[in-house]
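Can you join these two chains into the complex? Each is in its own frame, and there are hints to help.
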Amino acid sequence: NAGVTQTPKFQVLKTGQSMTLQCAQDMNHNSMYWYRQDPGMGLRLIYYSASEGTTDKGEVPNGYNVSRLNKREFSLRLESAAPSQTSVYFCAAGGGPGSSPLHFGNGTRLTVT
Amino acid sequence: QKEVEQNSGPLSVPEGAIASLNCTYSDRGSQSFFWYRQYSGKSPELIMFIYSNGDKEDGRFTAQLNKASQYVSLLIRDSQPSDSATYLCAVNQAGTALIFGKGTTLSVSS
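Protein chains in written order, with this note's numbering: chain H, 837 to 949; chain G, 8 to 117.
Next comes chain G alone, as it looks inside the complex (with noise of 0.2 Å):
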């Protein structure tokens, strides 16, 4: 069975710290790698993806991929507490639908 991996926190960091959040997944043929945001009570909310290994930047978040690793991370430079929320971390194959993870919850503390 295809799994994603998330380490379920919380995740605590100060205001204008980097938030580091981690995800594996299982299926080696993967090829289309995604971080959601979710509010308590809210939907989740795309903030990036990924499709290649490396790091792909848009603002404050930066999100990595290794592959060969199994690997994606997104990090969070200048942590803000209305950062504070789930980061949920979902993969799939060409032609299937997404995997999610369980989430990490981060707490950003001002």
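Chain H extracted, bound-state conformation (with noise of 0.2 Å):
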């Protein structure tokens, strides 16, 4: 059981340049989230989706794009990346908003130069 599998592990772009971070999880939960891990910031929120079809913005939406392509699959889109954005980035999965703890993945370390 993999879990919660994010790619790629690491990633360095140009300022404007856009690239798609994937997430999927095989643990059948309805619930996948995204954030940002910043130093001295802890875990912001970026975008979440409580289930199949609907997504939500969390706490740092501005700059990204998100889409749940299936039950599977919640993929981050950064259409033209900057400076700012250079951060760790999270998936994670869960039973369902305030219902069940979250599972996360192993991570995507962006860099903006």
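Hints may contain errors.
Here are the computed lysine to aspartate or glutamate pairs in the DMTMM-like style, where the Cα-Cα straight-line distance is at most 25 Å [unchecked claim]: (1) H/K893 with G/E12; (2) H/K893 with G/E64; (3) G/K49 with H/E909; (4) G/K9 with G/E52; (5) G/K49 with H/D874; (6) H/K845 with G/E52; (7) G/K109 with H/D862; (8) G/K109 with G/E10; (9) H/K893 with H/D862; (10) G/K109 with H/E895; (11) H/K907 with G/E64; (12) G/K9 with H/D874; (13) G/K63 with G/D34; (14) G/K109 with H/D874; (15) G/K74 with G/E22; (16) G/K9 with H/D892; (17) G/K49 with G/E22; (18) H/K893 with G/D34; (19) H/K893 with G/E22.
For the record, the hints were derived by calculation from the structure and aren't laboratory data.
Printed below as a string of structure tokens:
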């Protein structure tokens, strides 16, 4: 059982480039989340999907878009990367907002130069 | 804005001692409370969760919840150097995503 799988693990982008971070879970959870983690800032929610077909903004959604492709997959897209988006990105899956713990992927370390 | 506050530390304890990690939250309607451990360069991993007032024990770990004081804590008994990590407190209400504190760094010296 892989749990929550994120790709890629590392990525370097130039300002203005675009990319999509992929996340897939084999835990059959309804809800999926994208967080970013910066030094001294903790984990901040970017977007989440409570169930297939729905997405909602979190605390820091600007500059990002998401797609809940199916129950297993939830992708995060940066249309025009900025240095402020340099961060570690974590995808997580859980039974539903407020109902169960989250299980995290291994993270994507993104650097925007 | 809903907030979860933790002392950033570092909290330093000798091996074998009890480590006490604390967390306060602003939203009185919060219903679920979680503690995650995160080693440097790794992803957060769940240690414990608690939903009701009182204590919940799991091995060397005890989570304590006091909803009236909006306070949740994690006690680690017989601390080991392998417990050295950042501990994240997370809180949510039904229907909302988890809100995380910034974490407390624990250092256990041998």
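Results of checking the hints against the structure:
no.	hint	result
1	H/K893 with G/E12	22 Å, holds
2	H/K893 with G/E64	35 Å, violated
3	G/K49 with H/E909	22 Å, holds
4	G/K9 with G/E52	23 Å, holds
5	G/K49 with H/D874	13 Å, holds
6	H/K845 with G/E52	18 Å, holds
7	G/K109 with H/D862	29 Å, violated
8	G/K109 with G/E10	10 Å, holds
9	H/K893 with H/D862	24 Å, holds
10	G/K109 with H/E895	14 Å, holds
11	H/K907 with G/E64	34 Å, violated
12	G/K9 with H/D874	19 Å, holds
13	G/K63 with G/D34	22 Å, holds
14	G/K109 with H/D874	10 Å, holds
15	G/K74 with G/E22	31 Å, violated
16	G/K9 with H/D892	17 Å, holds
17	G/K49 with G/E22	23 Å, holds
18	H/K893 with G/D34	19 Å, holds
19	H/K893 with G/E22	43 Å, violated
Against the hints set out earlier in the document, violations occur for numbers 2, 7, 11, 15 and 19.
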